[in-house]
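Q: Take a look at the letters that make up each chain.
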Amino acid sequence: MGELTMVEGLNLGLRQAMAADDRVVVLGEDVAQTGGVFRVTAGLLAEFGEERVVDTPLAEAGIVGAAIGMAVYGLLPVVEIQFDVFVYPGFEQIVVHAARYAWRTKGEVPASIVVRIPFGGGVRAPELHSDSPEALFAHVPGLKVVCPTTPRDARDMMLAAIEDPDPVIFMEPKRIYRAGRQEVPDELPFSIGNGHKEREDLLSTARIAREGADLVMITYGPTLPLCLQAADRLAEERSVESTVLDLRSLYPLDVDAIVASASRCGRALVVHEAPRMSGIGAEVSSLIHERAMLDLEAPVMRVTGFDVPFPQFANEDDYLPSVDRILLGARKVLDF
Amino acid sequence: MGELTMVEGLNLGLRQAMAADDRVVVLGEDVAQTGGVFRVTAGLLAEFGEERVVDTPLAEAGIVGAAIGMAVYGLLPVVEIQFDVFVYPGFEQIVVHAARYAWRTKGEVPASIVVRIPFGGGVRAPELHSDSPEALFAHVPGLKVVCPTTPRDARDMMLAAIEDPDPVIFMEPKRIYRAGRQEVPDELPFSIGNGHKEREDLLSTARIAREGADLVMITYGPTLPLCLQAADRLAEERSVESTVLDLRSLYPLDVDAIVASASRCGRALVVHEAPRMSGIGAEVSSLIHERAMLDLEAPVMRVTGFDVPFPQFANEDDYLPSVDRILLGARKVLDF
Amino acid sequence: MDEPEPNILRIIGDGAGVPDGTVPDGLGDKDLIELFRWLVLLRTFDLRAVALQRQGRIGTYALYWGEEATQAGPLYACEDADWVFPSYRQNAIGILRGVPAATVLSWWRGYGGVHGFYNPREHRVAPICVPIATHLPHAVGLAWAAKIRRDPIASLSWFGDGATSEGDFHEALNFASVLKVPTVFFCVNNQWAISTPLHKQMATKTISEKAAAYAMPGVRVDGFDPLACWKVTRDALDRARAGEGPTLIEAYCYRIMAHGTADDPRLYRNESDAEKWKALEPVGRLASFLRRLGVLDEDTEAEMRDEAKTTMAQAVKEMESIEQPGQEILFDHVYASGYPWSFTEGLDELHAAERPPAVKPLGPQPTSGGTSDHDLPPQPQQGV
Amino acid sequence: MDEPEPNILRIIGDGAGVPDGTVPDGLGDKDLIELFRWLVLLRTFDLRAVALQRQGRIGTYALYWGEEATQAGPLYACEDADWVFPSYRQNAIGILRGVPAATVLSWWRGYGGVHGFYNPREHRVAPICVPIATHLPHAVGLAWAAKIRRDPIASLSWFGDGATSEGDFHEALNFASVLKVPTVFFCVNNQWAISTPLHKQMATKTISEKAAAYAMPGVRVDGFDPLACWKVTRDALDRARAGEGPTLIEAYCYRIMAHGTADDPRLYRNESDAEKWKALEPVGRLASFLRRLGVLDEDTEAEMRDEAKTTMAQAVKEMESIEQPGQEILFDHVYASGYPWSFTEGLDELHAAERPPAVKPLGPQPTSGGTSDHDLPPQPQQGV
Ligand SMILES: Cc1ncc(C[n+]2csc(CCOP(=O)(O)OP(=O)(O)O)c2C)c(N)n1
Ligand SMILES: Cc1ncc(C[n+]2csc(CCOP(=O)(O)OP(=O)(O)O)c2C)c(N)n1
Ligand SMILES: [Mg+2]
Ligand SMILES: [Mg+2]
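Chains as they are written, first to last, in my numbering: chain L, 9 to 344; chain V, 9 to 344; chain X, 15 to 398; chain A, 15 to 398.
Simulated from the structure, these hints should not be mistaken for lab results.
A few of these clues could be false.
Reference listing, derived: stretches of chain L covered by chain V, where coverage requires no fewer than 3 residues with Cβ under 8 Å from a Cβ of chain V [claimed, not checked]:
id: 1; region: 93-106
id: 2; region: 146-157
id: 3; region: 178-185
id: 4; region: 287-294
id: 5; region: 313-323
For every residue, glycine included, the Cβ atom is placed at its ideal position computed from N, Cα and C.
Just chain L, same shape as in the assembly (with noise of 0.2 Å):
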């Protein structure tokens, strides 16, 4: 396919998808005739018709749950929330009975959705349109999160999330949607209806982005290019090799991935959107204390968001993350 942007990778995904499995189909607010806000559903609707592609009325609730009510009846629905905020009337839906419908039949008839979230700032958006929830969905028990950061990633992960049983909430970074381009093969990840072991590596593994022996920094999303910024500085000014973690999963966590790089590097820093109390973050840090303690040179540090509100957008900048606040974080780890 060449080079694509993030979106275009989702869409790619969703398209062969679609075009895989007739099981599959689109539910959100301005999907179908526009291809969504963010144009990620573009040119659905024209090559699979407006019954697998469909512009629902304005409530997100009713679209979870009637995205949960054709899962139980067997097709493959794949929801668009328009911005992470206006998830949160569908959340009863998606906690309550997307993460406990396999449970609640004996594991026979699991939620097979995909909740699909643009989600977090930096994109200049007005008041509540830029959230980082991911850490609320990763709390509840029986969903996957999963945040893919690479165009390629968008296409693999979209594919595998659709084929997966169970119900992933996909958390797309929207601040990157269009931040840079990737080679995506048209090949893809795994064989469709056969994937199983390459479609869970997919939901449930890390990647590393970046290789280095001093300091690991542990991401995902729309922190990640700026981790990878923040090495390359620590590199040349302080000659400090660092990896960086691309979690892609959220739930569940690559807890080998995450250990074991702690472990070699003996400092880790954790940096993400999301607010810090009780985020992604207190749990990745936990989990290494808990069982690398001993190898650790450093606690593990946190950069994150504050604990407030996302601000008004002229100072989104001062709230999110910046490569400065990064290298901040690390030489606490480094110094320590």
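Knowing the structure of chain L, use the given hints to seat chains V, X and A with the ligands on it.
A: Okay, now just chains V, X and A with the ligands, sitting in the frame of chain L:
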């Protein structure tokens, strides 16, 4: 008032607040005529009349939303959520509006509401009546989240939560609603309308429930009595003396008390009933490691609920942290 | 028996002042007998479950004594391939579709996994839904999916008068009407939501009139009349299958009993009202009607009752023969794709610790008002 | 001008084929002039804001060109003590209640705190609400509180056709009707929710008929007619104050413009439809009407337009004179009770790091279809 159960303590707090300030109103499903399914609001209708104690329609978003509107007008609504799981339909109103009203109004119009949530398992309730969702709220900036564990704290913290200008998520550990009695004096814990400092303390500080130099167990709610039992067992069996810290406030956490006790003891165990992943325990553990790793003889460990849907009640005792599991966790920390 | 309110379909009279209507087309004598058998089975289940709860052999239970017509009637109107979505109030509906009665009892006894849950696809019966109104969007989504797949099936969901206040009720009805989904919304208006009476729940006098907000037909029916419940549902299903979209049915009745075994209605209503309504209860009423028709004789009736009792006795035995489920039940089936690593660790943790004693049996329970009693044991049963 | 659909109140005709109705009681000449001044101010704000967005001086903006009658009309019908609850679409309504225009512009420019927010109690105007329909329960709760306090005030909330699909709409209307709350639900039916047309949003032909589900009156009005909007609102407020409860008003109109500055309607509709509706737009229409009445002369009109422009010029100046807010704005006002410890630490962290460059100005923006353009810069404006 004599020896009260927690239910009676909560009831007394509500009565005293309503008597002292006619802006206090109580609303929820079945709170008036029957006094709530747990009888926490019993007698309020008779004492304060049907305008101030209201059986509402069955609609949690409507209840919380209406309460926010009442608060904007200047009332002080106390909302009852019938059971933990049933707060989810009101989730959007809580996290989008209650949590941000002060911020959105230059601090001039906070959503001064109290949302009471009887939570947790252990009462042999049917499916979907036993969640512990406190971490979901603690992760949302703009809310205060508290959890009393004794009848006296129940009364005092209820008064404080109602007087506090910010929205308070008031977690009530239903398993110990009637587990024991405690003397609760008639006198108010602070002078209503003037209780700033005392009120703040009640909503932001931890309480030392037991003192000991060798280990600190940090907990809140239904697992507190279990930690006390475990502490006694450790004292008996191993001559290990434990501090037991009752967090009381889950947001903000009393970081000073948490870190000080961990530093002093050198060994810490966090215990809660909610799932582990990004729970309150993850934050407590991270805070301690970040601030006091060098004081620790062992990593902070966690004994928590598992990352699974709350089980059907025949197996709930397998899910709930038991004294034995707490002891196991304590031994891991002690024998590290 | 009083005349019903206007616009309420009633077929079964009292054989005295109020004349019987005619049996609707489509219901032969065999059907009438089978429908009666269903009512008897539901009733027997309910009585037995209440007794089991009193004896502490199951937990809190949401009884439905008197509402059997609203359950058996609509279900009988469904084709076998149609899906139904019960709330806790229709908890035993599955037994009419092949779900073992022991499974439903076991759910109330606090068993999960293979003991307390069933495979909805096997019976076209969704799991018992506890959070009010949340299953309505599922019923809509399912029937919508079937429509997309050109399968000629419909869905039906049950819910109460209180459920109409929830946002999910509204979103489900709106979705169904916009997308012309073949589904039937069957509202059991028993006039109470725990202690909250209808007039505190809504300003409308009826629930059927809410259908206007969705440009769908709204129908009222005597909720104590199984034939009338069958008839309005069958009509609605015909409409649905003809591509004409959803229908809202209001089955007007009364919650004669407590909300659940932990509820004490004396706290909030005059129980003599309930007494009045008792005269309309559907099991005795259908029995008299069938006797008037000459379709049911005493022997058949007695046989049915015996059969139901035997079924239930068998079910209780089965339920009580279940061993305390192993601890892996906490982790099994949470993910269809298998255990994440933390589950294995969790099991290890459990195995390292002493296992807590089994929770059953619960022991005898107070006959009512458990929640109002300040002297309850520390672990009162609650909920539903 | 075509005749309106039946049951739609229209007062202003076209001075040609469609005759004018009479000015409603309660609106004197002075009121008409003042109402016109309001329309002009709203229009001027909107035009200016769109221009500012194009120039990159504010962010994404939700324009309301053509909907001014649905805003000024109802507000003019309110008493000063009545509370109003706007959505993003009525973002500038506060300027008619004393909120500085600079404050509203600053909100769109991405400023919070004292720059972008106001004290609702000072103006009886709730904060601009972004999540659809979520402010409706607030309007209900507020008026309910006033009723409990025996204060003779009412509340009014604005929302769109799309908003009627959300559960919060339903819960709010139900609450209001059960509790007989003095509130007015003012639905601006502009027939579009972003790209979703009315018939994909609901099965009913009108929104007013949904009032039946709550046993409250439902009223339809020409949403381009400020006098008609005033009249139906005034009647509803009278009812509310008389203790008769809430009313649902449907202002039937059309979203002539894009949904917001990031939206490109050419992707999903035929723009010639919008052109047809333009003829009804309220500012020119009220001007002609007032000229026909002899109430408005050209000089007065020109003066008003100048005055509005001056106000806006002043507001833009004010907005642009605001310094980039300090970093403490992140933490200020989150809790009315002050900073928790983590805020102090957060500020310390910020002060230790280099401050990122200020984000303003954003620079010139594409004139439409931002979201459809694959070649947008990495940080496209989005939302609302
Ligand atoms: C979302 C939610 N809120 C609250 C409850 C607690 N609750 C259980 S049953 C009930 C009353 C339901 O009344 P209705 O819908 O009329 O059904 P009925 O019980 O009469 O069959 C309530 C409030 C719940 N189960 N779910
Ligand atoms: C809960 C929620 N879901 C989605 C959105 C995104 N969104 C913003 S405006 C809009 C359409 C609203 O349409 P309508 O209610 O008709 O109001 P209008 O924009 O036409 O004034 C949508 C879907 C939102 N703001 N809130
Ligand atoms: Mg009911
Ligand atoms: Mg609209």
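Q: Do at least three Cβ atoms from the region 146-157 of chain L come closer than 8 Å to Cβ atoms of chain V?
A: holds (count 5)
Q: Do three or more residues of the region 93-106 of chain L come closer than 8 Å to chain V, measuring C-beta to C-beta?
A: holds (count 7)
Q: Under a C-beta cut-off of less than 8 Å, do 3 or more residues of the region 178-185 of chain L approach chain V closely enough to confirm the stated coverage?
A: Violated - the region 178-185 of chain L has 0 residues with a Cβ nearer than 8 Å to chain V, which falls short of three.
Q: Given that the region 287-294 of chain L was listed as covered by chain V, double-check it with a C-beta distance under 8 Å for 3 or more residues.
A: holds (count 7)
Q: Counting residues of the region 313-323 of chain L whose CB is closer than 8 Å to a CB in chain V, do you get three or more?
A: With 4 residues closer than 8 Å to chain V, the region 313-323 of chain L meets the three-residue bar; holds.
Hint compliance for this structure: hint 3 alone is broken.
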